[in-house]
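Asks: With the hints as your guide, set chain B onto chain A.
Spelled out from the first residue to the last, the chains are:
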Amino acid sequence: MDRQETLNQLISVMGTVLDIKGIVVGEETNAYDVDGWDSLSHARFVLAVEQHFQIRFPGDLLFDMENIGDMLEAIIDLLKAANG
Amino acid sequence: MELETISDHIIEMTKANGDAVFCHFLSHGKTQAVTRKEFLNRASAFAQSYGLLGIKKGGVVIIILGHHLDTYCSFVGAMLIGAIPSFLPLPSAKQDPEIYWATHKKLLARIEAQALVTTREGKSAEQIPNFPTTKVIYAEDVQSLDETNYDWEVGQSADIAFLQHSSGTTGLKKGVVLTHQSVLNNIDTYAQVIGLGEKDIIVSWLPLYHDMGLITSFLMPMVHGIPFVTIDPFEWVMRPTMLLEALEVYRGTFAWLPNFAFHHIVNATFENDRWDLSSVRALISCSEPCKPQTMEEFAHKFAAMGLAGTALQTCYAMAENVFAVTQSSVTEAPRIERKGEVSQLSCGRALPGVEIKIIDGSGATLEEGSIGEILLKAKTLFDGYFKLPDESRKTLKDGWYSTGDLGYLSKGDLYVTGRKKDLLIIRGINFYAHDVEYAANQVSGLIAGRCVALGVYDDTSASEEAVLIAETEISDAVVLKGLKRQIKEQIFSHTTLIIKSVEFVPKRWLIKTTSGKIDRSQNLRKYHAMKAK
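Sequence lines, in order, name chains A and B.
Everything in the first sequence is counted per this note's numbering, starting at 1 for the first residue and increasing by one.
Everything in the second sequence is counted per this note's numbering, starting at 85 for the first residue and increasing by one.
So here's chain B without its partners, still in its complex pose:
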């Protein structure tokens, strides 16, 4: 029998062996092994609750929950009745709950969400507003079932499986539409490429509202019947070496992490710390530019603890293609190339069925080695953004998706060099904004991580000039003068770029997206507005 949907897989696997471990749930020092049957039972309880509340096939169910088994169960529960689940992040401790819920109210209205699953726990719960058409379901009110129900109308392969919401201002978040067939296709291909097998165990601290956590560390193991170990993201930030402990205890074989996480783990490891990492097949860097020096530092730290020389791997992925676009070979270390003054780490080759091309500003395809925008075509590509037809048309043309990322192809490998607007072209020479900002961040006196390098067109030179906007709390003019000089020297010594001007701005001047990234286009607009005054 062909299994058409994600839900079909968990139902059939539970029928085949309901006592097999579905996941190991880790929270505040406690561990809980959850069987497939227990998982499906709880997911069925959610499905039943949705049905009783009148949630229909195709209805959007928004899930805003923290690190809890119900987060997983409520998601699959929605799929069991053919509804469309989507995770959104909880408000952070520093966010104003009133503003958080006000913007979510607008988003839920725009996407016509039929249900919101959340919790009464936490300070923000008191601020949950009344939604005119969205039913609020508190996870703790959902009663468990005595018997597991296997008989659900889960739908067909072409149905929408879930929405993956982009980061960005809440009201403008775009829901990437993914069908069951796209998700299963991408997962199966990716599993084959990395050689995922029945003896593997995936360990993760990643949040589920991000595609990396959702696909690699929940849906892929679920569909392939592989247990996963899940750690609270908030707890992990405070105790990053928990990941290494879990890899040792559960003999974990795979984990996916963004670049900063490798660095964070290294920084949190003390001299006498030891873990047996010999079970690890791959720790895959993804979702942020993969930096060779970060990988080297990690490899150096953990080689003596059994970490294989080939264990550190790279991947290029995006929700618009479900997840993986490329993957480095898991049997050898990713290639490193010199590109100008910068060492570039390969993100590996395109997955089977994925075509990549690099184009210039006029849309012409570039030859190997030339940097341009990365476009991709695949049968696993998304079906547009939910209820945003204009946005969908802008990014999908003739079956090609414009990623907005810059990179180049070399000997079959993809190298990602930055975002389209991250590139500063100063008198014909390319500089990466990330590198300029990295250099500036080495200077003490600036608020860490709070600066942005922008290319600003200058009439007098008829070229772009580089401007660095940096937040500082220093107001003494003499100190600022010295600081400016230090920044320019530091950037020049790192990149050979001479910055035209450094603009100091007060704390919290720069605009960040909800995922914490500096928003370049918004800050460029704000900079022009400041200068126009």
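Bound conformation, chain A alone:
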């Protein structure tokens, strides 16, 4: 799966948890750009992403991801590690 396809899937998962209607989501998008993206919905978003990609973010990374781009990088790294 290439970077763009991973990003598309990530945005699709995001839409199941957060209201992103009318928002153009890109790698720079962060919690301030999306209504209702607070710590509780962020947790639900992370769990949905983990389930979709079959990965688990390390604990310390959970608090360091500041935007969609950070999350995308982490997913790509975790998928690479999982596939050897």
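Just so you know, the hints here were simulated from the structure itself, not pulled from any lab data.
Be a bit skeptical, because a hint or two may be false.
[What the hints assert, rightly or not] Pair ranges (Cβ atoms, derived):
| id | chain 1 | residue 1 | chain 2 | residue 2 | range |
| --- | --- | --- | --- | --- | --- |
| 1 | B | GLN211 | A | ILE55 | 32 to 38 Å |
| 2 | A | GLN54 | B | GLU96 | 49 to 55 Å |
| 3 | A | ILE55 | B | GLU452 | 27 to 33 Å |
| 4 | A | GLY22 | B | GLN606 | 30 to 36 Å |
| 5 | A | ARG56 | B | GLY281 | 35 to 41 Å |
If you're wondering where the values come from, they're calculated on a predicted model, not measured in any experiment.
Cβ coordinates follow ideal geometry from the N, Cα and C atoms, glycine included.
Replies: Here is chain B on its own, set in the frame of chain A:
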């Protein structure tokens, strides 16, 4: 021998069995079992450091630390020398550290704190200012002791044990003064009411700067020699089902949670998730209005995983009474009553030694079933707010404490319906602001959780009218018009209240307290100021 102080209890228990588990400390996938002896040893190291720095009996020691064993040890360490510890929250990632420390500097000066215990870790540590009279102690610099010292002058039962700081603007935080005898009395009574025994294990993700975490999941198990399992609050928010994992692994029997946490756990549980929750005796909802639908949703989700039908319980508590005021019976599900259009969940009966009365605006005691302000009297009540005599006089009259909460008594049970200023009385009919806001929050287009319902006196109707102030990022007038209609329809269908006006305001217009609650009185003032322009 009568044990007069909280510290006496941990000293005597450690002497009796120092190898018993004090707590299981969970952090980022690692677990650490800490014995009583290890705990007291580290607490003694803090006590020694305080002594060497000249911290005296009665001196206030402020502790600002995250999820770390030293957070617990530094607190008990202060009590070992008769000093007065108090937890305050760390700055959140989104808070400006400069503003955070500037306001704390004022607070520490006002309460004449002798020491601040914190850490060099984290971005905010670089901004710690110079305090003129408060000594800064970094937890990582405190050297551990080779031998545990049991010989401390811990003080007497009437001494102040600690301060419990309220939420609210930092500079105005009020320190609830609690003596050892009040704390031990409330803890013992509460433990008896819930039937806490030596086989129990308490599991918690609660922060210690809040009375629920401090009392139920640290001091009560410590005093009763019961192990507790502690989870990082920040980690828990991201992985809420950690609590269920810990309950299963450690065969946990009790946990305390606010209403939102039950909902958060349900939302984070996937279809195939399974835990054995058969060890759980009670999950107690407290510190937020307890909603019947939240409890039902949780019970439905976890009944098949062994959660007993009576496990979901309720409690009404406040720092001014150490903690618990009422508790539902742990052997049966809390009662639910219809009050007008709303289902109310009982918070149970008053603890032995606690008297409750409900009063109206003139101070007259109301009969059963009538809603009014909850007042309470108990020998475990606080001794006022630290260095704020006027504030203390306002809330404590003739031994009765005015809680500012609204509720009613029915068949011996207390039902809490909201805060005093949360009640909108529109042409003689009562509406709860929480319910109005809940309804408005169902409409998409508003910033989630960022609206407030206020009762505003209107000359033309000679009555209060309901106004909803809601944050939105939408600016298109046509869209806003449709949104306003949707909100009014939604509120009416939920509550039968017709809102007079909906005021849209930009993002971050509304004022919140430091604990994240919408500050009604401040927002009412801000609304009047906006209208006066």
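Asks: Take a look at whether the Cβ-Cβ distance between ILE55(A) and GLU452(B) falls inside 27 to 33 Å.
Replies: The hinted range 27 to 33 Å is violated for ILE55(A) and GLU452(B), with Cβ atoms some 56 Å apart.
Asks: Is the distance from the Cβ of GLN54(A) to the Cβ of GLU96(B) consistent with 49 to 55 Å?
Replies: holds, 52 Å
Asks: Could you say whether the range 35 to 41 Å given as a hint is met by the Cβ separation of ARG56(A) and GLY281(B)?
Replies: Since the Cβ atoms of ARG56(A) and GLY281(B) sit about 37 Å apart, the hinted range of 35 to 41 Å holds.
Asks: Does the Cβ pair GLY22(A), GLN606(B) satisfy 30 to 36 Å?
Replies: holds, 31 Å
Asks: Cβ-Cβ distance between GLN211(B) and ILE55(A): within 32 to 38 Å?
Replies: Holds - the Cβ-Cβ distance for GLN211(B) and ILE55(A), about 35 Å, lies within 32 to 38 Å.
When each numbered hint is compared with the structure, a violation occurs for hint 3 only.
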